[in-house]
Amino acid sequence: MDSNSILREIQKRNQFVFKKFFEDTYEELVHYANSYLFDPGYSEDMVQEVFIYLWERAGELEIKSSLRGYLYSMVRNKCLNYLKSIKITDTANVMDLQSLIASDYNLQIFSDDDLKIVHQQLLKVVENLPSKMKQIVKMRFIDNYKYIDIAEELGVSVNTVKTQLKRAKLKISQQMALILTLLFTQ
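Sequential numbering of the sequence shown, starting at 1, is according to the numbering used here.
Keep in mind that the hints were calculated from the coordinates and are not lab data.
Among the hints, a few may not be true.
Using 27 angstroms as the maximum straight-line C-alpha spacing, the simulated BS3-like pairs for lysine-lysine come out as follows [said to hold, decoys possible]: (1) Lys19 / Lys84; (2) Lys84 / Lys132; (3) Lys146 / Lys169; (4) Lys78 / Lys64; (5) Lys64 / Lys134; (6) Lys138 / Lys166; (7) Lys138 / Lys162; (8) Lys124 / Lys138; (9) Lys146 / Lys124; (10) Lys124 / Lys134; (11) Lys64 / Lys132; (12) Lys124 / Lys162; (13) Lys84 / Lys12; (14) Lys20 / Lys84; (15) Lys64 / Lys124.
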C-alpha cells in the first residue's frame with residue numbers, strides 16, 4: 001500500500017491500517033529521534049506523540065510529500081523543540097551533522113562520553129574536508145540552505161552541490177567508521 005493510500009485509510013479511521021503502519025515505522029522513527037535526544041525513553045515519547053497527532057488530525061492533513069517523510073520531519077521538529085525547551089542548544093550544530101551518520105551506524109551502544117568524542121571527531125572530519133566541499137556541507141547542514149540556494153550563492157549547478165554532498169558523506173562515513181571502530185574496541 002502506498003503512502004497516499006495509507007493516509008486515506010487513516011483519514012477514514014481504519015485502525016487496522018494505522019496499527020500496521022505504526023508497527024512498520026515505529027522502531028525506525030524511535031531510532032531517528034534517538035539520534036537527536038540520546039534518550040530512548042524520550043525518543044519513544046516523541047514518536048508516540050507524532051502518531052497520536054497523526055491519528056487525531058489525519059482528516060486535516062494535506063501531505064504533499066510522502067507520509068513517511070512527513071513523519072520524519074515531525075519527529076525531527078519535535079525533538080529539536082524539546083531540546084530547545086530544556087535549554088539545550090546546538091551551538092556547534094552537531095545534531096544535523098550527526099544525522100548524516102545516524103542512519104549508517106548504531107550510536108546507541110556508546111556511552112554519553114563516547115558520543116561527545118564522536119561529535120568532536122565529526123566536527124574535525126568536517127573541518128578537514130576540501131574547502132569548497134566543507135563550505136557546501138556547512139551551508140546545507142548547519143545553515144540549513146536548500147540545494148538551489150547553495151548553488152546560486154556559490155555559482156555552481158544543483159548537481160554539483162548534490163555531488164559534493166554525496167562525496168562529503170562518503171568521506172565523513174569512512175572517517176567515522178574508523179573513529180567508531182576505535183571507540184568500540186576500547
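Results of checking the hints against the structure:
Taking the CA atoms of Lys19 and Lys84, the gap is near 31 angstroms; set against the 27 angstroms cutoff, the hint is violated. In summary, the hint linking Lys84 to Lys132 is not supported, as the alpha carbons are separated by about 31 angstroms, beyond the 27 angstroms threshold. A hinted pair counts as satisfied when its Cα atoms are at most 27 angstroms apart, and Lys146 with Lys169 qualifies at roughly 17 angstroms. Straight-line distance between C-alpha atoms of Lys78 and Lys64 comes to about 20 angstroms, which keeps the hinted pair within the 27 angstroms bound.
About 31 angstroms separates the Cα atoms of Lys64 and Lys134, which puts this hinted pair outside 27 angstroms; it is violated. Of the supplied pair hints, the one linking Lys138 and Lys166 holds, its CA atoms being roughly 14 angstroms apart against a limit of 27 angstroms. Of the supplied pair hints, the one linking Lys138 and Lys162 holds, its CA atoms being roughly 13 angstroms apart against a limit of 27 angstroms. A distance of roughly 13 angstroms separates the Cα atoms of Lys124 and Lys138; the hinted pair therefore holds under the 27 angstroms criterion.
Distance check on the hinted pair: Lys146 and Lys124 sit about 24 angstroms apart at the alpha-carbon level, within 27 angstroms; holds. At roughly 11 angstroms between alpha-carbon atoms, Lys124 and Lys134 fall within 27 angstroms of each other, so this suggested pair holds. Taking the CA atoms of Lys64 and Lys132, the gap is near 33 angstroms; set against the 27 angstroms cutoff, the hint is violated. With a C-alpha separation of about 22 angstroms, the suggested pair Lys124 and Lys162 falls inside the 27 angstroms cut-off, and the hint holds.
This hinted pair does not check out: Lys84 and Lys12 have alpha carbons roughly 35 angstroms apart, beyond 27 angstroms. At roughly 32 angstroms between alpha-carbon atoms, Lys20 and Lys84 are farther apart than 27 angstroms, so this suggested pair is violated. Straight-line distance between C-alpha atoms of Lys64 and Lys124 comes to about 37 angstroms, which puts the hinted pair past the 27 angstroms bound.
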